[in-house]
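A.B. asks: Take these sequences, add in the hints, and give me the full structure.
Residue numbers (this note's numbering), protein chains in the order written: chain A, 5 to 407; chain B, 4 to 448.
If you're looking for bench data, these hints aren't it; they were derived computationally from the structure. Take these hints with a grain of salt, some might be off.
[Unchecked claim] Computed cross-link-like contacts, DSS-like style, restricted to lysine-lysine with a CA-CA straight-line distance of at most 27 Å:
1. A:Lys218 - B:Lys173
2. A:Lys360 - A:Lys40
3. B:Lys237 - A:Lys360
4. A:Lys133 - A:Lys190
5. A:Lys261 - B:Lys421
6. B:Lys424 - A:Lys362
7. B:Lys237 - A:Lys261
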Amino acid sequence: MKMKKRILIFGTYPIVKPLHGGQRRVDAIVREYSAKYKDVKYVAVFIKDHYSDYSSSDIYLKGRWASQARSDHLTSDIRIGKAIYESPRIRKRITKLIDKFNPDIIQIEQVFPYIGLKKILENMQSKAKIIHSSHNIEVEIKKEVMSIAMAEQKYIDESINLIDDYETDLAKNADLVIAVSDSDGKYLIKKGCRNYILAPNGARISKPTKKALKYWNDIYSINNISNSFGYIGSAHLPNMLGLKEMIGYRLGFIEPKNKLILAGSMGNNIENNFDYSNLLDSTFWLRAYNAGTLSEEQLAGLLSKIDVVVLPMSSGGGSNLKTAEAILSQKKIVATDFAFRGFEEYKKLPNIYIGKNKNEFINKMNEAINTPRIDLNKHERDLVDSVLWESTLKKMVQEVGKI
Amino acid sequence: MNGKIWIDLTDLMQWNGHFTGTQRVTYEISKRYHEKNDNVRFFYYDQNLRLFFETNLELSKYEDNVYIKPVDSNFINNIKESFISKFIVKYNSLPLHIKNILTINRIKLLIRKYISIKQRIQNIASIFFNNVVGILKPNNKLQAINFQNEDTVIILGKPWDTMSFIEDLKIMKIQNSFKLINLIYDMIPTFMPHLFGYPLPQNYTKYMFESISLSNSIIAISKNTKKDIELFCKEILINVPPIEIIKLGVNKSLTLPKKPQILDDLKFNNYILCVGTLEIRKNHQLLYNAYREAYRIGVKLPKLIICGGRGWYTEDIIHEINNDPVVKDSILIINSPTDSEILWLYKNCKFTVYPSVYEGWGLPIAESLYHGKFCISSSTSSMPEIAGSLLEYFSPYDAKSCMDLIVKYSNKKNLEEKEFKIKEYKYSSWDDTYNQFSKILNKTE
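C.D. replies: See below:
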């Protein structure tokens with residue numbers, strides 16, 4: 005029987021068709037809460053240009069708030085947070101929603117919605133308990149991304165100071181703090197949080213459909229691909245940097261019959277911004293194939309077809325959702341130590357190869373593709389199952405009931 | 004050898020006109036395989052059908068391309084110019100209302116459309132002939148080749164202009180794992196792309212990436228090319244396949260020398276010679292600068308004849324040489340000379356100069372020595388490999404150093420000493436090249 009709790013969750017992207025990591029995590033949280041609690045509602049305040057699928061309770065930015073968020077692509081999440089209070093339309097709608105729904109708990113996914121929501125809650129003198137559901141340490145990520153994009157220092161400072169203020173505020177004052185990894189949790193403790201609940205990223209078993217399998221069989225056949233490496237990721241900067249730093253664009257080490265498949269918006273981003281003036285780098289596409297953004301069905305099909313999953317991430321925050329999905333797929337994995345942050349205990353599983361630097365990573369890719377996959381024993385399969393969302397979010401779901 | 008040896012003749016079959024470097028090598032090696040090896044077969048690639056077909060090496064068909072310059076390019080230019088001038092006269096005499104409808108731009112567009120339609124019709128005809136006529140006449144039916152596991156496929160030409168060639172060969176090699184042997188002349192378009200026009204460096208690099216990845220063995224035409232291939236493999240993370248080196252043969256003169264007509268009216272008896280296509284890589288700019296520098300400091304240099312066909316990015320240097328009052332009487336460009344004229348120019352020059360920025364080999368240096376002429380040459384890439392200390396070298400970026408060497412060997416005594424020494428030079432014949440090639444091929448077994 006479901007517990008009587010009214011939980012209202014705020015985020016900055018819809019989860020009708022979850023594609024990127026953040027969407028998939030929030031989707032899993034909403035599913036797990038809904039299985040245990042009676043009234044769970046998710047509201048996304050978002051930019052319509054970025055997400056075409058959304059639900060009737062989601063609110064998209066309009067007018068100058070939309071155009072500002074679109075143009076400030078490095079800080080569009082901050083813009084969304086500000087618009088929640090500054091846009092009279094959104095403020096009114098959210099106030100009305102909180103008033104009507106009367107939540108016991110308000111959960112903030114990542115820090116950004118809290119930028120505007122805090123003032124609304126203060127004005128309403130809301131008694132709802134606050135959960136800070138962190139995905140990353142946003143201040144660190146924002147600093148890194150803006151620096152790489154060579155944003156103006158003043159702009160960087162303003163943005164990270166603002167995020168730091170709200171992240172610290174939530175760490176100190178939230179009734180429950182959720183961290184995705186122990187290292188993030190320790191950071192939040194330093195910022196004044198008394199205790200945190202660890203809820204690592206997880207994955208969901210998705211069996212490929214016949215249609216999706218046929219689709220990928222055709223793609224492999226048309227492109228004469230025998231074996232493949234797969235790198236799945238969104239256009240999040242650390243994903244692209246990982247590819248550049250740990251694998252590079254010179255793929256002569258991949259045999260002519262094999263290919264590296266890029267899936268997710270990362271592939272499109274790399275393709276659209278590729279520097280073809282570097283002749284040696286321009287051979288990249290002779291051994292790489294961009295599958296683009298995929299539906300969940302297509303992604304499941306691809307994952308079943310791939311021989312080796314590569315996780316070359318060397319920066320970014322949180323614990324990686326891609327890593328959880330790769331572990332659950334039971335495929336051969338070549339990864340950095342960084343990619344296994346938060347999943348250290350899984351490194352002992354068979355079929356996992358760790359490359360500490362570019363040379364080692366490439367050697368491990370060659371080794372992995374030429375080595376037969378080892379079947380897992382019962383104990384190892386149980387360990388793999390512990391990355392399912394229901395396991396990783398279990399403690400978090402229980403703790404919410406205690407508030 | 005159990006399987007067949009297949010040599011690619013696509014390049015040769017598509018080529019119209021006088022054979023230059025790669026066609027010459029393909030011809031000379033293929034010809035000897037044809038004469039000496041029963042196991043050899045020839046093939047070409049049809050880019051419309053994306054299939055490989057067997058063909059015969061018709062030696063008689065290529066005789067004109069090898070030894071005789073079929074038509075003087077000046078003759079063609081004269082015809083072209085006379086046609087255009089006649090056309091303009093006729094066009095100008097047309098009534099204004101017709102000229103308003105039939106503008107020059109419209110005429111150009113119609114000509115372009117005509118050429119494009121003609122090309123399409125030719126392509127369709129080729130497909131029709133190969134597919135339909137071939138089926139109707141079973142004896143003449145063209146059978147696409149599927150290279151087999153024990154076969155050896157040799158690429159001597161330059162298929163990088165048609166990327167689908169290597170893509171289709173790759174698919175077949177993945178399926179049948181035959182041996183692939185690739186003759187590589189140089190890696191210049193990849194490492195010095197600024198010396199070529201778009202899209203050659205892009206296509207060339209992609210072709211080399213696939214072709215080296217697929218090759219069981221590579222044959223390079225110089226130590227320097229071997230070094231460049233190894234560098235390319237290292238940079239792009241390909242395992243380096245075995246690389247052997249062969250020396251290219253020198254083309255023996257089978258024609259009689261003939262004085263170029265243009266020299267009849269000019270006093271060019273005491274000249275030095277530079278042979279090679281007029282293209283940016285051959286660095287004729289350096290020679291111009293050397294002559295300009297000599298004028299500036301009051302040094303007198305012998306006259307210079309530059310001869311060769313026209314290549315990439317040379318409009319500016321040709322304009323400078325032809326119009327600079329200081330050098331126009333000292334430097335003469337002879338465009339696309341015949342074999343007989345080149346022979347005459349070699350025989351009568353004092354010595355030769357070769358300022359190329361980068362070469363895969365540097366055939367004009369070896370040719371100069373074959374004709375008994377000393378050469379001062381650029382010091383980079385493969386060029387010092389040809390004759391080592393028998394020759395003198397200058398940096399291709401140092402006009403003063405080039406000028407100093409021209410001055411040094413304009414001195415009769417200095418030149419005679421070198422002319423005596425270069426008699427030691429042993430040039431390679433095409434038979435030598437073939438023997439080296441077939442030895443490597445046997446070793447690859």
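A.B. asks: Are the hints correct? Go through all of them and say.
C.D. replies: Here is how each hint holds up against the structure:
| no. | hint | verdict |
| --- | --- | --- |
| 1 | A:Lys218 - B:Lys173 | 24 Å, holds |
| 2 | A:Lys360 - A:Lys40 | 41 Å, violated |
| 3 | B:Lys237 - A:Lys360 | 21 Å, holds |
| 4 | A:Lys133 - A:Lys190 | 22 Å, holds |
| 5 | A:Lys261 - B:Lys421 | 55 Å, violated |
| 6 | B:Lys424 - A:Lys362 | 53 Å, violated |
| 7 | B:Lys237 - A:Lys261 | 20 Å, holds |
Hints 2, 5, 6 from the earlier list are contradicted by this structure; the remaining hints agree with it.
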